[in-house]
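Asks: If you're matching them up, the sequences are chains A, B, C and D in order.
The numbering of the first sequence is numbering that gives the first Met the number 0, which starts it at 0 and goes up by one.
The numbering of the second sequence is numbering that gives the first Met the number 0, which starts it at 0 and goes up by one.
The numbering of the third sequence is numbering that gives the first Met the number 0, which starts it at 0 and goes up by one.
The numbering of the fourth sequence is numbering that gives the first Met the number 0, which starts it at 0 and goes up by one.
Just so you know, the hints here were simulated from the structure itself, not pulled from any lab data.
Any given hint might turn out to be false.
When chains are identical, the list treats them as one kind, so a pair holds in a single copy or across two.
Straight-line Cα separation of at most 30 Å, BS3-like style, residue types lysine-lysine; simulated pairs [what the hints assert, rightly or not]:
{"hint": "1", "residue 1": "K154", "residue 2": "K1"}
{"hint": "2", "residue 1": "K192", "residue 2": "K248"}
{"hint": "3", "residue 1": "K238", "residue 2": "K34"}
{"hint": "4", "residue 1": "K154", "residue 2": "K139"}
{"hint": "5", "residue 1": "K234", "residue 2": "K1"}
{"hint": "6", "residue 1": "K139", "residue 2": "K192"}
Protein chains: 4
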Amino acid sequence: MKIAFIGLGNMGAPMARNILAAGHELTVYNRTASKMEPLARLGAHTASTPRAAATGADVVCTCVSVPAALWAVAEGPDGLLAGMTAGQTLVDFSTVDPGTSQRLAEMCATRGIDVLDAPVSGGTAGAAEGTLTVVVGGAKEAFERVGPLMAAVGKNIVHVGGPGAGSTFKLINQILVGVNLAGVLEAFVLARKAGLDLNVLYDVLRTSAGNSNMLNYAVPDHVIGRDFDGGFVLKLLIKDLDLALQMGKDAHATLFLPAVARQLYEQANLLGLGDKNMTAAILAMEQLQGMS
Amino acid sequence: MKIAFIGLGNMGAPMARNILAAGHELTVYNRTASKMEPLARLGAHTASTPRAAATGADVVCTCVSVPAALWAVAEGPDGLLAGMTAGQTLVDFSTVDPGTSQRLAEMCATRGIDVLDAPVSGGTAGAAEGTLTVVVGGAKEAFERVGPLMAAVGKNIVHVGGPGAGSTFKLINQILVGVNLAGVLEAFVLARKAGLDLNVLYDVLRTSAGNSNMLNYAVPDHVIGRDFDGGFVLKLLIKDLDLALQMGKDAHATLFLPAVARQLYEQANLLGLGDKNMTAAILAMEQLQGMS
Amino acid sequence: MKIAFIGLGNMGAPMARNILAAGHELTVYNRTASKMEPLARLGAHTASTPRAAATGADVVCTCVSVPAALWAVAEGPDGLLAGMTAGQTLVDFSTVDPGTSQRLAEMCATRGIDVLDAPVSGGTAGAAEGTLTVVVGGAKEAFERVGPLMAAVGKNIVHVGGPGAGSTFKLINQILVGVNLAGVLEAFVLARKAGLDLNVLYDVLRTSAGNSNMLNYAVPDHVIGRDFDGGFVLKLLIKDLDLALQMGKDAHATLFLPAVARQLYEQANLLGLGDKNMTAAILAMEQLQGMS
Amino acid sequence: MKIAFIGLGNMGAPMARNILAAGHELTVYNRTASKMEPLARLGAHTASTPRAAATGADVVCTCVSVPAALWAVAEGPDGLLAGMTAGQTLVDFSTVDPGTSQRLAEMCATRGIDVLDAPVSGGTAGAAEGTLTVVVGGAKEAFERVGPLMAAVGKNIVHVGGPGAGSTFKLINQILVGVNLAGVLEAFVLARKAGLDLNVLYDVLRTSAGNSNMLNYAVPDHVIGRDFDGGFVLKLLIKDLDLALQMGKDAHATLFLPAVARQLYEQANLLGLGDKNMTAAILAMEQLQGMS
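Here chain A stands alone, though its shape is the one from the complex (with noise of 0.2 Å):
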């Protein structure tokens, strides 16, 4: 298949990567242009504008990092859009709220254009390893026909629903990454006070009702080991936080527990953690608490 990717940050680098070894032919586009030279070197077309990468591709992909930044690549005399014609597919990875991803297929429908929204999981490893989660919305045909594509960049490929389901499944799973890992964070502050072993505690705690993956992710490399470098770096997380409350008020459902979470997070943000694992929030609350 011919490729079209735009966006080559951390996750869209290697994404690109593996779908270039996947023996497609691709063509990528990226703002800051330099970062298009290793692919270009792996033999990678590269384009000077949007428009200009999506021109004659079967597939147009994007993974750039908030709506604002999506439409900037989408809109305008030099965006994809002004270079896609009826019967290509744009694929969305970017992580954006399901209104976004909506409005953006509705603009694609009426030119024939199929848009999924397929937000990835899995990390920079992931991607590096083209190990991703990816969970797509849209039309079921053209999930099927991009199979090949998402087999270069992901494992676990799941279509989940219609326009913008991708996007709500990704930001319903970031609700449950950012108040899990706040009650995480917020129980072991608590228990250092508590003078408790935090060992025992963790040993006790993943066999109990309380368990949960972030408990796992969180308390041996990070609340214990004291590593907040790399991974998933906080300010992403509160940006995923904003587009899920953005979605929660789109569908007029209440979200108690990721407003107050978000708020404990941008206290961490705002005392400089912001590129810190997203772990780093401890920090933020045990000085908040007088203990470091």
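Keeping the supplied structure of chain A fixed, place chains B, C and D upon it in accordance with the hints.
Replies: Quick look at chains B, C and D alone, frame taken from chain A:
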């Protein structure tokens, strides 16, 4: 061993039965006397006061609902403390705040009585089958001394620290239960509003970063299966969160998410759902959001 | 002065009427054209697009509901910006977030157009009587130039800073409105549950440290008088709190209480109370707490 | 009248002085005996136990910090209840939860002793000048009987209902204080971040819908004046909010905003600001948001 067991509620009664079945000599006391009859028929002695039950026992067990109920059976002329002397051991299976556990331990220490705070997890099913998890705080030697008793009621018995540590561990678990569950319920109300296929959503989430024991507990049987009877009831969760907030207050630790989650559960309780399974909080959320 | 007025809603229509009554030459535009008729009968010109209305005016006024509505009348080939040239002044009476106000000001600055963000307070009664409070952000000279216009719509006109400052002031006021009112409503639900005499309670509170304009606004007529029609409606308060949360996000400031208050108001909105007076949130609180 | 006064803290000492100055015969008791000396020099009798102080008095007054301190002076062989007989009146000036007030009233009712819960407002200045506000719960006749005593300590004396009503009124006021103040502080942190002129902001807000006594109390002297010593201290506000949350729990009413505000104040307390003026919570907010 000669055992006294005070408090034959939903948890205490089957625990006492297992102690008896393990071959210990058992004397029971319960405020509502009729609840002693099934155990008397199985061979237990009955006592007319906590004091009478406690007199001469090797180990005195309590299993009541709240700190006030514990003080009610412990203090006063008919209380168990009035019947206990140096060398006896007191095992409190109730879930109370660590401050209560520590105060009880201090009162007893001056009189040569060891106290273990030993809250249990595993529900009425675990109590019936003798497979409870017990986290125990107090002196290590006392913990070892009561090994045969513990073996009769539970499977996973862990000594986790000094006086109050058992209560602290239990409440930290309950914090995670309360927060994780509230997050799941808010997320699934939103998912229903967004028209998602809840079965597919659950399948995706259970293999994602947002997975938790509460997700697996709540979603298939309760949120999707719509069965809200039995199991751990809502008003007990509220009670445990109140104890946890008290613990946070005493430990000078902030607990933003548990404080808000507690209010959400209370809304459900005020709509008459207190004796339903704790997952029934979703019924309140749905009603409050115009969905039922 | 030659004035264009775009947006003839509940607030805009009476404001436009007062501008006309003050002797200014007025051209109006409204999406729903029928709303222009009453003003046309009073002597206003009508325009078929925002662009047409804006062309040639000394001052172009906008008064719409949300940022998206502002961009809808401002941008595009029919938008007011297409009709404006250097030397004209744009006065936005809408309540929007300061980020929106600043973006609009920047866009216009390059073209020699002064923008004032001038959100109003005082309700439909104040709009009708020309006694609104207007907090104005933007260049001081522009503020002074539009003095006669402002005098026609309001009584208390304050220049509070540069571009966006008016919007910031307005939203900070709305934060206090939203938080203080939610506190009053939660307190009075509790008071009713506790069986207090609400009239006596109000008499005491209004001379106590807990007094606030919201207490005086909400309690006699609404909480006690049970009149929930008219006045500032709930869904506008939610809208303003959402703008305030956006402002907090942009300013990197945490807003715990507004975030939670917003969820409480949304619960009421989801029960169908969005078009009631904002104090109607107490009806939801009462219903959710088994009182009605 | 023959008056006993138990609890000579920051509030109790000047109140006792005013009672003495009004010509009543006064016997005082305080745990730290040295605090009785200034009153003894003014002509008060001193007692060595609450019981001794209470014996033979027409009215026994208490003014202590928390419910536990009230029970400590009331119960036991040396407690004031041991010294009181039918016909005496007990006036509790402490701020406690209504459950405590009601339990005390019930205990005394069976013995023919009237109890009035009479928490005071107005701070140490009001206590010194005898201008306190006193909201009183209990029997109307008892209230009228103690009129001369009340006249000695306060200016605005209101009978607000039966036993516990005084405590409920006081705590409802404290809910509004805690919520309104936290809203003001969060808003002004944001305002500083947004670079607003805080004096102009205050001038606008005090004539707007967002105005409150807390705004006027907090902003000029504390938020702008940066004076955080003296006045009502933070840890007392936390104590009062904890009592209010207990009251909400007992009344089965949700209190979302007070629950969150309490956590915000606790953050400030944990940073060592507990003995500062309650407005010092803004120092924690500023620090936690990278501003100091």
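Asks: Could you run down the list of hints and mark each one as holding or not?
Replies: Taking the hints in turn, this is what the structure says about them:
1. For the identical chains of this complex, K154 and K1 are intra-copy neighbours only, at 21 Å inside a copy versus 59 Å across copies, given an alpha-carbon limit of 30 Å.
2. Proximity of K192 and K248 under a CA criterion of 30 Å is satisfied inter-copy only: 11 Å between copies versus 37 Å inside one chain copy.
3. Proximity of K238 and K34 under a CA criterion of 30 Å is satisfied intra-copy only: 23 Å inside one chain copy versus 41 Å between copies.
4. Within a single copy, K154 and K139 get their C-alpha atoms as close as 18 Å, which meets the 30 Å cut-off; across copies the closest is 49 Å, which misses it.
5. With identical chains, the CA atoms of K234 and K1 are never at most 30 Å apart, being 34 Å at best within one copy and 48 Å at best between copies.
6. Only between protomers do K139 and K192 lie at most 30 Å apart by alpha-carbon distance; the minimum there is 22 Å, versus 52 Å within a single protomer.
The earlier numbered hint that this structure contradicts is number 5, and it is the only one.
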